[in-house]
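4 protein chains.
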Amino acid sequence: MLVVMEAGARPEQIDAVVRHIEKMGLKAHTIPGASRTAIGITGSSGTKDPGIVENFPGVKEVIQVSHSYKLVSREAKPDDTIVSVGGVDVGGKGVVVVGGPCAVETLDQTRTIAEGIRRGGGQLFRGGAYKPRTSPYSFQGLGEKGLEILAKVREEFDLPIVTEAIDEESLRLVDQYADCIQIGARNMQNYSLLKVAGRARKPVLLKRGMSATLEELLLSGEYIMSEGNYNVIFCERGVRTFADHTRNTVDLSVVPAIKRISHLPILVDPSHGTGKRNKVVPMSRAAIAVGADGVLVEVHHKPEEALSDGPQAILPETFAQLVTQVGAIAEVLDRTLQPALATAR
Amino acid sequence: MLVVMEAGARPEQIDAVVRHIEKMGLKAHTIPGASRTAIGITGSSGTKDPGIVENFPGVKEVIQVSHSYKLVSREAKPDDTIVSVGGVDVGGKGVVVVGGPCAVETLDQTRTIAEGIRRGGGQLFRGGAYKPRTSPYSFQGLGEKGLEILAKVREEFDLPIVTEAIDEESLRLVDQYADCIQIGARNMQNYSLLKVAGRARKPVLLKRGMSATLEELLLSGEYIMSEGNYNVIFCERGVRTFADHTRNTVDLSVVPAIKRISHLPILVDPSHGTGKRNKVVPMSRAAIAVGADGVLVEVHHKPEEALSDGPQAILPETFAQLVTQVGAIAEVLDRTLQPALATAR
Amino acid sequence: MLVVMEAGARPEQIDAVVRHIEKMGLKAHTIPGASRTAIGITGSSGTKDPGIVENFPGVKEVIQVSHSYKLVSREAKPDDTIVSVGGVDVGGKGVVVVGGPCAVETLDQTRTIAEGIRRGGGQLFRGGAYKPRTSPYSFQGLGEKGLEILAKVREEFDLPIVTEAIDEESLRLVDQYADCIQIGARNMQNYSLLKVAGRARKPVLLKRGMSATLEELLLSGEYIMSEGNYNVIFCERGVRTFADHTRNTVDLSVVPAIKRISHLPILVDPSHGTGKRNKVVPMSRAAIAVGADGVLVEVHHKPEEALSDGPQAILPETFAQLVTQVGAIAEVLDRTLQPALATAR
Amino acid sequence: MLVVMEAGARPEQIDAVVRHIEKMGLKAHTIPGASRTAIGITGSSGTKDPGIVENFPGVKEVIQVSHSYKLVSREAKPDDTIVSVGGVDVGGKGVVVVGGPCAVETLDQTRTIAEGIRRGGGQLFRGGAYKPRTSPYSFQGLGEKGLEILAKVREEFDLPIVTEAIDEESLRLVDQYADCIQIGARNMQNYSLLKVAGRARKPVLLKRGMSATLEELLLSGEYIMSEGNYNVIFCERGVRTFADHTRNTVDLSVVPAIKRISHLPILVDPSHGTGKRNKVVPMSRAAIAVGADGVLVEVHHKPEEALSDGPQAILPETFAQLVTQVGAIAEVLDRTLQPALATAR
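Protein chains in written order, with this note's numbering: chain H, 1 to 345; chain P, 1 to 345; chain S, 1 to 345; chain X, 1 to 345.
Just so you know, these hints were derived from the structure itself, not from any lab. These numbers come from a predicted model, not from an experiment. Mixed in with the good hints there might be a few duds.
Remember, identical chains collapse to one label, so a pair may be satisfied in a single copy or spanning two.
[Stated by the list, open to error] Derived DSS-like pairs (lysine-lysine); straight-line CA-CA distance at most 25 Å:
hint	residue 1	residue 2
1	K259	K195
2	K60	K27
3	K23	K60
4	K60	K259
5	K93	K259
6	K27	K302
7	K195	K77
8	K302	K60
9	K77	K60
10	K70	K60
11	K302	K23
12	K70	K27
13	K70	K259
Model the full structure from these sequences, guided by the hints.
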């Protein structure tokens, strides 16, 4: 932390700040400058916040410099983490494509789409059994029945399952039925849920909140890891801005930013990120080009009959083209498409 | 919903859209224009989303026009709702001031501050027993022990209690110990929690999420009301923007916007909204001037020793001045400070 | 500036940064910490940017701490500046209300509205002769003919004139005809125009850009002052955010933030700030309550016939109520409505 | 335009709106719905704004549906426009890489960097002679002397020149010396300057403003085209959001959005967009992958001595790698690197 004094701060004002910092058990380093003095703070203050000196007379501002994430950081673990989702590696040299419907509706619908994902070259299947919907009157998902459908589809097509949990009860069920627990953007700072996810056995796909900074996303990952679950995958899905040509603004620069600070893998979800079917393929290519470890896209064979988010789902045939293009881009970066699980059939 | 066709859309493209809308059981109203055609859609589509026609050839864009909130709306209930929080009315002609520490730390600390709130003219007491913190390594609150302290303080000072619940378990306890259940900004779209709050007996103070639109805030209120709890109070606490002179940007215009659409009361929290002690009093005045039903502010007698958010807490003596100024502003709007509960002592 | 090293930075990496800083003629202050080292930089680097060390090995980040504004700052001039606009003081103890149409259309229209402003208690008149419009096909203003109308209206009603300049040529004419030169939000960072305004004789009303930080606004004021024109008035008119219930989000907290750092006066424009007629009066009250030196509002006697921005203009009778309410709020802050100029009539 | 009535709107309120619309010379199309009525408006209202009916009793809201851009639109010209910048095509099947320093400092510096750009495979050279700087005390560029240096460098290396104009005077000179006139983000809505650019002979590179919507960017292009200059190139350079890990948030989804609506080419500037050297190459790859017609990057052989924006400039050797990677990505999209001009030497 750095305290910047006002240009006209008097020596006794500087002293008062220094004394207060020392009283908190911290070290104060006075840095006299041409026009003003700064005071660097080092050490650990436990539960007290030295930011309080911002209200001391003569203080211009207080600047935070250290970060409180540890386990998610490359400083804690320099090498890339590879997370196994039901046998498919996420992170490392491979690139994955996760596809499936926004919501699981029926066994038939789910099987048809899963067949398209498998044939199109996807390695993982996504589909919502629990849907956090903005309106209480919208379709809220099939619940455990949806999870059962997903489990059947995994057996039939050898596609490990990624699906969202929205509270403690659904998380316990998802942990049991699926291969990867998704925490959605709206729950990124639902810390009680993150702690429960930290005690689950399955890996966690953590989506960035709609107005989360990089640091907040990392700290939410830290919540999960600090409870003992080290298999965390981040996912950029667009942030909220004034821009109105897409539903959200996909912030692809967060991918290299995370790669620089953290050892954990990161995917991009261009379907929720843009909300527009015609932008899913171009943004998927861009996601791989910027360095993401994969993409997560919505696919539906009859988008006009989808129970949720139809307008952003792509058709299975478009999905197959997406996988081809994404694979070609990956090669430019010396990466390859991750192989899908072998099937016994 | 309104479908806008491209300028060069051919008649058969327009027909295809109209037929699809009608196949969904809706009515299509074609509006021919000078350079392009628009198609109005009316009726209810159940769970299907007519927005899918955005992907039809010849369609330029699809515009949402109807809203899905009902119970929170003035169309459902024209008169202002007055919510009683432990006997103190929120909404209506009175204006309330809610004060207290960010976190309950000890009985002594809480009593000292409550005494300041009572003496300074506040009607309600706030203080966190469960703290949603960005970092897993920050102080997370005293839990049930904190609720016990709050209950004692209520008895002693006749100040009804507003305190935050962060999950199902804490909500059940808050419902039991306190007078009003706060749902924080980070949980505004934690729909599972909103449903639980909707089945609680106590009123709910629902804070606006950091990037929530007006409609999303209203729909989160709708989640609570649709479960049967009609005592909802909204609270503006700043939204996230690029502006960096305050922690968040307090959006006071949301107050008259909510008053126009909804019958529910709304408070403003300038402490979290600005994150700066020196902006709490001016923004409290502005909140009442714009038409809010009250303010919620952080008060601490020794902010430099506070376990959380010290830099934004005001001193008890500043709180007393705040109440005086807020009361004077209320009178300009033909309102008055709500009286505090009578004390037996 | 502060350089934060990575936790595992090696001593020779720290040395390299220190040596580079010193080579630029600056002083480096090494601050060893428990887990990482920080390096404070003091002195003046002239035209070179020490931020370059961010790319050095072992460097985590570089944090800017000093500001480059000088003349606008209270450190340069502790007392409030009072700017005289054609004899009416802006700043100090008085509060002003500036009213008028978005665009000057005809002499009759302008006279009618000015009469309403004068009768309603306004002290200054606003009206656009040069209109920066988003579309090239929208009405662009009457130009010099509009300035002539404004000058006539000033003579008749003793209302000094505030009007916008959009380029060098229009600024020269506005400087000649009017009492205060408005620089609009879209030109806040048109530095060539700011320099010309800095050489004009009349005061300048500088509107905050739609995505300008506090520091950028202050530096744009610095551009004007550094050319010799010390009469600068800031104006908050809403910033661009995701919120969609108003056209822009009025950031009232910028008012106390500017008052703390700068000696210059600041007004608020709730008409452009919200874009909604029904929010102009409440936000005007809030602006004065937060500490602004006045408000700038759009008034039209026939808003449904206005050539621009009709939906946000208030009627003359609403304007009169606004002045009364604003005056009552000012008294709560120990301020008063500034008297209008005496009329000879 | 669509007028949505409140649920309880009375027939006479609907009539009043319809009558007013018709009085403005427009056509009103009443669309009765299950719970509320909507009114579609068609026809041209000239300079009057039918949005005024938002203030009529019984009206819930007014929704804008038509756009005012024409010449920039694919509806006006279905085929892609290819703009020739000094003989190098921008748009079409080729992809261009524009490189050079932020600011022209000396002939030597400019020659050295230009040699690196030419050798590295760039086709166009960029460098600022006029610099719009946030602070009046920062280096403001060499002016005409800088343009002379750029002209010499073009002759020697056969690299056409893109350089920024900041006002009418500099634009006249840039039009004379350079091959493409850049209008910077801060001037995107400086309409007087856009009109002058519309009367220039050289193509215009128009950067998106920091908080400009897609529609505003298109309309600024329309300003230039409506004055007769049809050679407009758009450029995405990041928008302002709350995200703080990069200087701005690059909105790559605007590229396919523009391609869908407009026939004009679009480039991406990842240097200003991210402000971080280590993100320039990944974001350049992503820009081409999403479908941009090229990238614009800052290159400096001694970034630590650059007079402006050193921390975001890449080295000439990194530039050469960037060109190679960008070319490989282009091939995935069936595009190729545009050839550089042949040199006589």
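Hints versus structure:
1. Within a single copy, K259 and K195 get their C-alpha atoms as close as 24 Å, which meets the 25 Å cut-off; across copies the closest is 38 Å, which misses it.
2. Taking the shortest Cα distances, K60 and K27 sit within 25 Å of each other both inside one copy (20 Å) and across copies (21 Å).
3. Taking the closest pair of Cα atoms, K23 and K60 come within 25 Å of each other only inside a single copy of the chain (21 Å); across copies the shortest separation is 29 Å, beyond that limit.
4. Proximity of K60 and K259 under a CA criterion of 25 Å is satisfied inter-copy only: 13 Å between copies versus 34 Å inside one chain copy.
5. When the C-alpha separation of K93 and K259 is checked against a cutoff of 25 Å, the pair qualifies only within one copy, where the shortest distance is 13 Å, while the shortest distance between copies is 32 Å.
6. Within a single copy, K27 and K302 get their C-alpha atoms only as close as 64 Å, which misses the 25 Å cut-off; across copies the closest is 21 Å, which meets it.
7. When the C-alpha separation of K195 and K77 is checked against a cutoff of 25 Å, the pair qualifies only within one copy, where the shortest distance is 21 Å, while the shortest distance between copies is 40 Å.
8. Proximity of K302 and K60 under a CA criterion of 25 Å is satisfied inter-copy only: 21 Å between copies versus 59 Å inside one chain copy.
9. In this assembly of identical chains, the alpha carbons of K77 and K60 lie at most 25 Å apart only when taken from different copies (16 Å versus 37 Å within one copy).
10. For the homomeric pair K70 and K60, the shortest alpha-carbon distance between copies (14 Å) is at most 25 Å, but the shortest distance inside one copy (30 Å) is not.
11. In this homomeric assembly, K302 and K23 come within 25 Å of each other (Cα to Cα) only across copies, at 14 Å, whereas the closest approach inside a single copy is 66 Å.
12. For the identical chains of this complex, K70 and K27 are intra-copy neighbours only, at 22 Å inside a copy versus 31 Å across copies, given an alpha-carbon limit of 25 Å.
13. Taking CA atoms no more than 25 Å apart as the test, K70 paired with K259 passes inside one copy only; the shortest distance there is 15 Å, against 39 Å between copies.
Checked against the numbered hints above, the structure violates none of them.
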